[in-house]
Amino acid sequence: MPKPKVAFYWCASCGGCEETVVDLAEDILGVVEKVDIVLWPVAMDFKYADVRAMPDKSIVATFLNGAIRSTEQEEMARLLRRKSQFLIAYGSCAHTGGIPGLANQFSREEILNFVYKGSPSTVNETGTLPQTEFEEQGRRVHLPALHQGVRSLDQVVEVDYYVPGCPPTPNITKAAVGALLEGRLPAKGSVLAPDIALCDECPRKATKPTNVAFTEFVRPHQRLLDPNKCFLAQGVVCMGPATRSGCGSQCPSGNMPCTGCFGPTSRVKDQGAKMLSSLCANIEPKDEDGIDKVLEGIPDPVGTFYRYGLPKSLLRRKGGLPTS
Amino acid sequence: MTEKKWTPRLVAFFCNWCTYTAADLAGVSRLKYASNVRIIRVMCSGRIDPQFVLEAFAKGADGVLIGGCHPNDCHYVEGNYKMLRRYRLLKRMLADMGIEPDRFRLEWISAAEGEKVKRVVDEMVQKLTALGPLAWDKKLEDWDREVKALEEHVQAQQTTKEVANA
Chain B
266 MPKPKVAFYW CASCGGCEET VVDLAEDILG VVEKVDIVLW PVAMDFKYAD VRAMPDKSIV
326 ATFLNGAIRS TEQEEMARLL RRKSQFLIAY GSCAHTGGIP GLANQFSREE ILNFVYKGSP
386 STVNETGTLP QTEFEEQGRR VHLPALHQGV RSLDQVVEVD YYVPGCPPTP NITKAAVGAL
446 LEGRLPAKGS VLAPDIALCD ECPRKATKPT NVAFTEFVRP HQRLLDPNKC FLAQGVVCMG
506 PATRSGCGSQ CPSGNMPCTG CFGPTSRVKD QGAKMLSSLC ANIEPKDEDG IDKVLEGIPD
566 PVGTFYRYGL PKSLLRRKGG LPTS
Chain W
2 MTEKKWTPRL VAFFCNWCTY TAADLAGVSR LKYASNVRII RVMCSGRIDP QFVLEAFAKG
62 ADGVLIGGCH PNDCHYVEGN YKMLRRYRLL KRMLADMGIE PDRFRLEWIS AAEGEKVKRV
122 VDEMVQKLTA LGPLAWDKKL EDWDREVKAL EEHVQAQQTT KEVANA
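The listed protein sequences correspond, in order, to chains B and W.
Under the numbering used here, the first residue of the first sequence carries the number 266, and numbering increases by one thereafter.
Under the numbering used here, the first residue of the second sequence carries the number 2, and numbering increases by one thereafter.
Just chain B, same shape as in the assembly (with noise of 0.2 Å):
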């Protein structure tokens, strides 16, 4: 019998989604054997002509990690949508949109304008911006243009399952894989994670007080922090009540707070909304002037609430920007 086909894209990620392949570490080998591996950009030469040629539905699973964000991203990903009988999200960015997905609160112009011209360490004395098309030799050159926002991959195309994570952990992706090889998948559109909040494998967890009162917000850098106790408990911002399980608890073990990459769990709609609900509610003061005094330590509410999770928020984007 032929080795089930299985392919490796990235959009617009940072790859780091690509690393966790190889964390699988002296594992990978195990997953290489049972698979025939038919595209894989960063680590191997195919071309996309030869995806293109295969039948639809030949290849048994695509992981897809990015947010799509390009017109190349879109038609790669409904390509391997086309040709794969498993599409799945594989890390925060095709999960939930990711850092990238922060990009929804500019227009494509401002991004385009700060990134090749305003920021401090751009040299760009003739003013050159990316262009979809130009000329050279009596050829005409056609390149990927970009979208005005920032989406998921189920946004664009139907996923069948999701991996999270910021990149997602050697433990889930192996999961995932054995899942899939062995066919013991859940419902489809499921999250291949643990469906409870991360605080519930926290190692600080009975530290976590029951009645936490907040008088100030204080962010990582700005405290030593006590690497026993509760997050919350110390007055940082940390996304574990909100996020999903299934990562090991790294962030907390490491000393430092959840940022919420694995993204809600299936009963929750908008993470942001609930982390802010569940922070807010617990803020000591009750009057506008002291309560407004706490809040001063969460200076960006949409970038430490939808770190990973903009475009599939309920909002998804800023509104007041351009649609096309």
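One or more of the hints may lead you astray.
Cut-off 30 Å, straight-line C-alpha distance, at most; resulting in silico cross-link-like pairs (DSSO-like, lysine-lysine) [unchecked claim]: (1) W:Lys128 <-> B:Lys583; (2) W:Lys149 <-> B:Lys583; (3) B:Lys312 <-> B:Lys299; (4) W:Lys60 <-> B:Lys453; (5) W:Lys60 <-> B:Lys583; (6) B:Lys583 <-> W:Lys139; (7) W:Lys92 <-> B:Lys558; (8) B:Lys558 <-> W:Lys128; (9) B:Lys534 <-> B:Lys453; (10) B:Lys312 <-> B:Lys268; (11) B:Lys583 <-> W:Lys92; (12) B:Lys322 <-> W:Lys149; (13) B:Lys534 <-> W:Lys139.
These aren't lab readings, by the way, just hints derived from the structure by calculation.
For this one, chain B is given, so just place chain W on it according to the hints.
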């Protein structure tokens, strides 16, 4: 084609014990207030999940009004304070997302203040009318056209291929 004239859609979450009762009072007192408001009764303003507010905006509300008991009067002791704290940050966050502050309001209205329901609703509808439509649902629809375009293009290509092969 005659398009129906736009009037604001205001979603109001009123607590059962004070503000909703006040709205009832406004009704039995035959006070007239703007009919743009859609009142949703909740047991306590502390029950209003910020998700409700975001969802209302995302689905096309032009404004969201929250009514709860005055401080110290909450039937559940603390619920209105919880709402107030959420409101302070949510309002700031909505502004960061491009939703004008006048579109989101919290008011304490006791069961005896039918008149205040009328005043607050009328004021808010007036402000929303001045602001114009928010139409978040339409914005998202418009924006999603940029991915629809390629899908249609791909489909058109496939159809021509199939026609050519036939």
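Q.
So, against the hints stated earlier in the document, which numbers end up violated here?
A. Violated hints: none at all, because every hint is consistent with the structure.
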